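Chains X and L are the protein sequences, given in the same order. Just so you know, the first sequence maps onto residues 1 to 451 in my numbering. Just so you know, the second sequence maps onto residues 1001 to 1272 in my numbering.
Keep in mind that the hints were calculated from the coordinates and are not lab data. Among the clues, some could well be false.
Listed next, the in silico DMTMM-like pairs over lysine to aspartate or glutamate satisfying Cα-Cα at most 25 Å (straight line) [as the list claims (entries may be wrong)]:
#: 1; chain 1: X; residue 1: K356; chain 2: X; residue 2: E333
#: 2; chain 1: L; residue 1: K1195; chain 2: L; residue 2: E1137
#: 3; chain 1: X; residue 1: K195; chain 2: X; residue 2: D371
#: 4; chain 1: X; residue 1: K360; chain 2: X; residue 2: D371
#: 5; chain 1: X; residue 1: K430; chain 2: X; residue 2: D378
#: 6; chain 1: X; residue 1: K59; chain 2: L; residue 2: E1141
#: 7; chain 1: X; residue 1: K59; chain 2: L; residue 2: E1026
#: 8; chain 1: X; residue 1: K381; chain 2: X; residue 2: E293
#: 9; chain 1: X; residue 1: K277; chain 2: L; residue 2: E1065
#: 10; chain 1: X; residue 1: K360; chain 2: X; residue 2: D438
#: 11; chain 1: X; residue 1: K59; chain 2: X; residue 2: E270
#: 12; chain 1: X; residue 1: K423; chain 2: X; residue 2: D404
#: 13; chain 1: X; residue 1: K59; chain 2: L; residue 2: D1118
#: 14; chain 1: X; residue 1: K59; chain 2: L; residue 2: E1066
#: 15; chain 1: X; residue 1: K277; chain 2: X; residue 2: D249
#: 16; chain 1: L; residue 1: K1053; chain 2: X; residue 2: D167
Restraint-style ranges between C-beta atoms, simulated for each label pair [stated by the list, open to error]:
#: 17; chain 1: X; residue 1: N182; chain 2: L; residue 2: E1102; range: 46 to 56 Å
#: 18; chain 1: L; residue 1: D1088; chain 2: X; residue 2: E290; range: 58 to 68 Å
#: 19; chain 1: L; residue 1: P1181; chain 2: X; residue 2: T103; range: 37 to 47 Å
#: 20; chain 1: L; residue 1: R1214; chain 2: X; residue 2: R218; range: 26 to 36 Å
#: 21; chain 1: X; residue 1: A264; chain 2: L; residue 2: L1151; range: 39 to 49 Å
#: 22; chain 1: X; residue 1: H260; chain 2: L; residue 2: L1136; range: 40 to 50 Å
#: 23; chain 1: X; residue 1: P211; chain 2: L; residue 2: P1061; range: 46 to 56 Å
#: 24; chain 1: L; residue 1: L1136; chain 2: X; residue 2: D357; range: 57 to 67 Å
#: 25; chain 1: X; residue 1: R218; chain 2: L; residue 2: P1061; range: 42 to 52 Å
#: 26; chain 1: L; residue 1: E1102; chain 2: X; residue 2: G132; range: 54 to 64 Å
#: 27; chain 1: L; residue 1: P1061; chain 2: X; residue 2: D249; range: 20 to 30 Å
Keep in mind it's a predicted model, so treat the numbers as computed, not measured. Just so it is clear, CB atoms sit at the ideal spot from N, CA and C, and this is done for glycine as well.
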Amino acid sequence: MAEHAGPGTRSAVVDTPPQREVDVVVVGAGPAGSAAALEVARAGHSVVLLERGPFPGSKNVYGGVVYGRVLDELVPRWWEQMPVQRWVTRRSTMIMTPTQALTVDFRTQAWGGPPYNGATAHRCDLDGWLAGLATEAGATLVPSTVATGLLRDASGAVVGVRTDRPDGDLTAKVVIACDGVNSFLAKEAGMFVGKPTGHVTLGVKETLRLPRNVIDERFGVTGQHGVDIEILGCTRGIPGGGFLYTNLDSVSVGVVVDPHGLAAKKVRPEELVAELKRHPAIEPLVRGGELLEYSAHLIPEGGYDTMPELVTDGFLVAGDAAAMCLAAGIWLEGVNFAIGAGMYAGRAAADALAAKDTSKSGLASYQRMVDESFVLGDHRKLRRVPGLVLGQRMQQEYPAVLCDLAQGLFQVDNPRPKPGLLKLIRRVLKWHGVKTRDVLSDALTGVRSFG
Amino acid sequence: MLVVAALTWPGPRTVVDQLTGSTRTEEGRPGASAAGLAALEHALRIGESLGGKVVAVTIGPSAAEEMLREAVAAGAGGALRVDADPTDDEAVARALLAAVAERHGTPDVVVFGDDSGDVPGFLAAITDTAQALGLLELTVEQGVLNGLRRLDKGRRERLAIPMPAVCSVEPVLRPRRAGLPAMLAARNTTIPVVKPVVPGWTVRAGTIRAYRPRARILPIPAADQARDRIVALTNAVSAGGSATVVTPPDAAAAADLLLDYLSRHGYLGDTT
Ligand SMILES: Cc1cc2nc3c(=O)[nH]c(=O)nc-3n(C[C@H](O)[C@H](O)[C@H](O)COP(=O)(O)OP(=O)(O)OC[C@H]3O[C@@H](n4cnc5c(N)ncnc54)[C@H](O)[C@@H]3O)c2cc1C
């Protein structure tokens, strides 16, 4: 089995000090880490939140839509405080070939008022806000500090972290690893042993500045309403997809692709973004946008079957560090899963501290809470979807089939009469060499996975 | 001995779109600049060598306290946030000086990053102290401040800097990394805030009004064609033109000539 990427560090073994310096160390001030630190601090325990960037959000990348309802449990009337760019009231799924695009466009005014649905937000604002809630509750945020490894006692239990600062060891009763995708700490703790490797995709994104009124006109929205477009078929057949989101006075456009596919086809990710921006269905929407930012980040898209162990003695893993991002085709949700998991990890740590048992069994309520909630519930339900959506037919053949079907249906070829739908379907499937059997089998998998 | 590290808080900046020329305001990234961090490191080293107290100071909003806490963690003996909204570099210098004087007394050395505009120059002028700006090196040798500065053609200049002094440094020195215990301790440090009463400005500007020359009524020139009447009125095509070459001996004489010309032609009617 291939090794999980990362440093081959071994944890430092320390004499267990009689008194730990803090109750909990949370590594990573992303959404998972801040939610965890918030819960621990609210329960009255001491908690240090370590962040390698100079401020929360400085290192973080995402497409731009966050689903805030998970915050109901943490921040009453969160929508009045959360730093939002636009509330998503239009959600489109676009299927494209280089010259065609078929869009299912859904709009509802219900998502434009409390308690809302999705919102676009900038990560430095969002992460700063969440970390601010944690520090207001009493957490100590230490920026510009990298956790470089774990401290363990002679029995192997995690008893703290080592950081890159002088005198940088920090002992704690519980360490919560919220250090994002490719978590070195979770690997070092042995949580990924026996789990499949290589399940990451690469997300690349451009933020383009456009005047607010131009965005309103082009995307057909007003006020603080915004649009989320998810795109299939824009990655030259490399497993993945694209997205286009509206901020207040900028748009985010990008792709999420399988890095192995990129390497095999010798394509650079920015070429795919450039191609997407030139597509006839996208170009009028982003025309004249001034490039403000280009960013890239890995996404753990393998889903349920690639998740690590979540609990061991003195140690919990949450968020992307535990591969909890839901990247299932038409869904790309990671922030809400990270907040949910972080919140439960923080609660479990607080309960364990109260019960004076921070061993694996003392912390086991975390596993139970994520199991019973949407965090693992959705992942379990949708565990087959990543394979389906990133499979060859969905990536290469179905977009063209669907676009050609739409074209055949709406094209008027008089004096020829209109073709019957079944005949048209058969003809298009034949053109693209797709077997009816495969379509039915994929449809069945889809129904089973989504159903 | 009081050594001050003056850190610039990156306020909003104007960004110009290179294609369209349109401008917009963008918030600066929070935190000290590389030059500011180098200034802090120099100040800490000077403080260690001369046995003085080092105070990190910035003018900025409460968000700037984060940067000051990191300076305290790195070894500064104190920090000060100046709550002021100065409009120009001289006012910045005066606000800094007033705030430091209120809390800690008169500084012996003030070190800025070289991204501080004209503030160090103004500070040196206001306090009548030595200034050594844009330094590559700033060290203490046998109790004396020494600076190294770039000159043209790759040459260098060594300076012995008398104290009190105002210096600014290039971002060539990497700041030391604060230890974790110091970082943790600094998180709970309350940063004192001073709202200085800044002494009056040296130059007072009045309100700006658009210049409106007084209307003058001229007799209508005797000519049949409108074009000829305009030519006569404007003197546009007269042989000698309207240029007058003057060679005043100094700036004051030049100003007198200009004022004289303007009032002769009725442009300064409002002010006479
Ligand atoms: C291109 C792209 C588009 C996406 N689009 C969306 C979207 O539209 N909606 C959505 O909900 N999700 C989206 N996601 C997924 C989402 O970004 C993640 O799922 C989410 O950020 C996970 O949160 P987290 O707190 O677990 O990890 P992160 O947000 O990655 O935070 C981890 C934090 O830990 C810090 N850190 C890491 N290692 C260390 C260390 N050793 N020491 C100290 N600090 C450390 C990092 O600096 C970072 O701040 C997208 C992701 C990408 C890449």
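Quick rundown of the hints versus the structure:
no.	hint	verdict
1	X/K356 x X/E333	violated (35 Å)
2	L/K1195 x L/E1137	violated (33 Å)
3	X/K195 x X/D371	holds (18 Å)
4	X/K360 x X/D371	holds (16 Å)
5	X/K430 x X/D378	violated (36 Å)
6	X/K59 x L/E1141	violated (41 Å)
7	X/K59 x L/E1026	holds (19 Å)
8	X/K381 x X/E293	violated (35 Å)
9	X/K277 x L/E1065	violated (42 Å)
10	X/K360 x X/D438	violated (45 Å)
11	X/K59 x X/E270	holds (19 Å)
12	X/K423 x X/D404	holds (13 Å)
13	X/K59 x L/D1118	violated (33 Å)
14	X/K59 x L/E1066	holds (18 Å)
15	X/K277 x X/D249	holds (17 Å)
16	L/K1053 x X/D167	holds (24 Å)
17	X/N182 x L/E1102: 46 to 56 Å	holds (50 Å)
18	L/D1088 x X/E290: 58 to 68 Å	violated (30 Å)
19	L/P1181 x X/T103: 37 to 47 Å	violated (57 Å)
20	L/R1214 x X/R218: 26 to 36 Å	violated (52 Å)
21	X/A264 x L/L1151: 39 to 49 Å	violated (56 Å)
22	X/H260 x L/L1136: 40 to 50 Å	holds (48 Å)
23	X/P211 x L/P1061: 46 to 56 Å	violated (28 Å)
24	L/L1136 x X/D357: 57 to 67 Å	holds (58 Å)
25	X/R218 x L/P1061: 42 to 52 Å	violated (35 Å)
26	L/E1102 x X/G132: 54 to 64 Å	violated (30 Å)
27	L/P1061 x X/D249: 20 to 30 Å	holds (23 Å)
Hint compliance for this structure: hints 1, 2, 5, 6, 8, 9, 10, 13, 18, 19, 20, 21, 23, 25 and 26 are not met, and every other hint is.
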